[in-house]
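Asker: If you're matching them up, the sequences are chains A and B in order.
What the first sequence shows, in the working numbering, is residues 1 to 113, in sequence order.
What the second sequence shows, in the working numbering, is residues 1 to 114, in sequence order.
One should not assume that every hint holds.
Computed far set for chain B versus chain A, every beta-carbon distance over 10 Å [claimed, not checked]:
1) L45
2) S58
3) M60
4) Y101
Taking lysine-lysine pairs in the DSSO-like style, the calculated list, with each CA pair at most 30 Å apart, reads [to be verified]:
5) A:K56 <-> B:K62
6) A:K57 <-> A:K105
7) A:K41 <-> B:K11
8) A:K105 <-> B:K78
9) A:K56 <-> B:K78
10) B:K78 <-> A:K41
Derived list of chain B stretches under chain A, where covered just means 3 residues or more per stretch with a C-beta under 8 Å from a C-beta of chain A [to be verified]:
11) 30–44
12) 102–114
Keep in mind the hints are simulated off the structure, nothing from the lab.
Please read these numbers as outputs of a predicted model, since none were measured by experiment.
Beta carbons are placed, not taken as given, at the ideal position from N, Cα and C, and that holds for glycine.
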Amino acid sequence: EDKVVQSPLSLVVHEGDTVTLNCSYEVTNFRSLLWYKQEKKAPTFLFMLTSSGIEKKSGRLSSILDKKELFSILNITATQTGDSAIYLCAVTSFQGGSEKLVFGKGTKLTVNP
Amino acid sequence: DARVTQTPRHKVTEMGQEVTMRCQPILGHNTVFWYRQTMMQGLELLAYFRNRAPLDDSGMPKDRFSAEMPDATLATLKIQPSEPRDSAVYFCASGTPGRDYEQYFGPGTRLTVT
Chain A
1 EDKVVQSPLS
11 LVVHEGDTVT
21 LNCSYEVTNF
31 RSLLWYKQEK
41 KAPTFLFMLT
51 SSGIEKKSGR
61 LSSILDKKEL
71 FSILNITATQ
81 TGDSAIYLCA
91 VTSFQGGSEK
101 LVFGKGTKLT
111 VNP
Chain B
1 DARVTQTPRH
11 KVTEMGQEVT
21 MRCQPILGHN
31 TVFWYRQTMM
41 QGLELLAYFR
51 NRAPLDDSGM
61 PKDRFSAEMP
71 DATLATLKIQ
81 PSEPRDSAVY
91 FCASGTPGRD
101 YEQYFGPGTR
111 LTVT
């Protein structure tokens, strides 16, 4: 059965800190890994990673994938209170003739002023 | 400002009743996803469509759930009969051609089955 495990489950930091969120996976026929941010309502897309070792960056957020060790990290530098959210990792794979998408349970990040 | 819309935003119903949730994807998006989110299970993919054709609905309990796209501007998720364990937030999301998973989520329908 496909698994996506995120750690830590929750994290509390102070503004200005740097955080690293982890996502490990076990799937058959991996295709891509995705990161989303969920504040009070619906998730919003952050990154899609398909190749190992290539960093994706958007402002203070960056992410990288290691397909050999089957994990990805999401880094947030100089955190702000607006970064407080649940960060979701998801993995897509191709199985049984169709694409599958499995989400992790998320990491709840709280950034205190 | 293009966005995915979902109706209703909230629904309270009694066990055994039929529930229909509707989603209007962003114009031009050809992939539509239905998700369910609960505290216990997190976000689960129920079904998704590409060009209105169902590609995968293995995450959906088939005996009571059904998903359709009668046209490119409307996706529906139906539960019949509903059960208390169906209480959750149901999200619809849509994606652009070739970039399916850069999804735009709707605001969700919060369903409570008593």
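Asker: Does the no-contact call for S58 of chain B survive, Cβ to all of chain A over 10 Å?
Answerer: 8 Å, violated
Asker: Just want to verify: L45 of chain B was marked as not at the interface with chain A; is every Cβ pair farther apart than 10 Å?
Answerer: At about 5 Å from chain A, L45 of chain B fails to clear the 10 Å cut-off, so the statement is violated.
Asker: Within a Cα-Cα threshold of 30 Å, do K105 of chain A and K78 of chain B meet the stated pairing?
Answerer: Measuring from Cα to Cα gives roughly 25 Å; hence the hint holds.
Asker: Apply the coverage criterion to the segment 102–114 of chain B and chain A: a residue qualifies when its Cβ sits closer than 8 Å to a Cβ of the chain, and three qualifying residues are needed.
Answerer: Held - the segment 102–114 of chain B has 7 residues with a Cβ nearer than 8 Å to chain A, which meets the minimum of three.
Asker: Apply the coverage criterion to the segment 30–44 of chain B and chain A: a residue qualifies when its Cβ sits closer than 8 Å to a Cβ of the chain, and three qualifying residues are needed.
Answerer: Check passed, 4 qualifying residues.
Asker: Evaluate the condition: distance from the CB of Y101 of chain B to the nearest CB of chain A exceeds 10 Å.
Answerer: 5 Å, violated
Asker: Does the structure keep K57 of chain A and K105 of chain A at a Cα separation of 30 Å or less?
Answerer: 23 Å, holds
Asker: Taken at face value, is the distance from the CA of K41 of chain A to the CA of K78 of chain B at most 30 Å?
Answerer: 22 Å, holds
Asker: Hey, does M60 of chain B actually stay past 10 Å from chain A on C-beta?
Answerer: Given that every Cβ of chain A is farther than 10 Å from that of M60 of chain B, nearest at about 13 Å, it holds.
Asker: Within 30 Å, alpha carbon to alpha carbon, are K56 of chain A and K78 of chain B?
Answerer: 38 Å, violated
Asker: For the pair we were handed, K56 of chain A and K62 of chain B, check the Cα-Cα distance against 30 Å.
Answerer: With a Cα-Cα distance of about 38 Å, the restraint between K56 of chain A and K62 of chain B is violated, given a limit of 30 Å.
Asker: Can you confirm whether the C-alpha distance between K41 of chain A and K11 of chain B stays at or below 30 Å?
Answerer: Measuring from Cα to Cα gives roughly 16 Å; hence the hint holds.
Checked against the numbered hints listed earlier, the structure breaks hints 1, 2, 4, 5 and 9; every other hint is satisfied.
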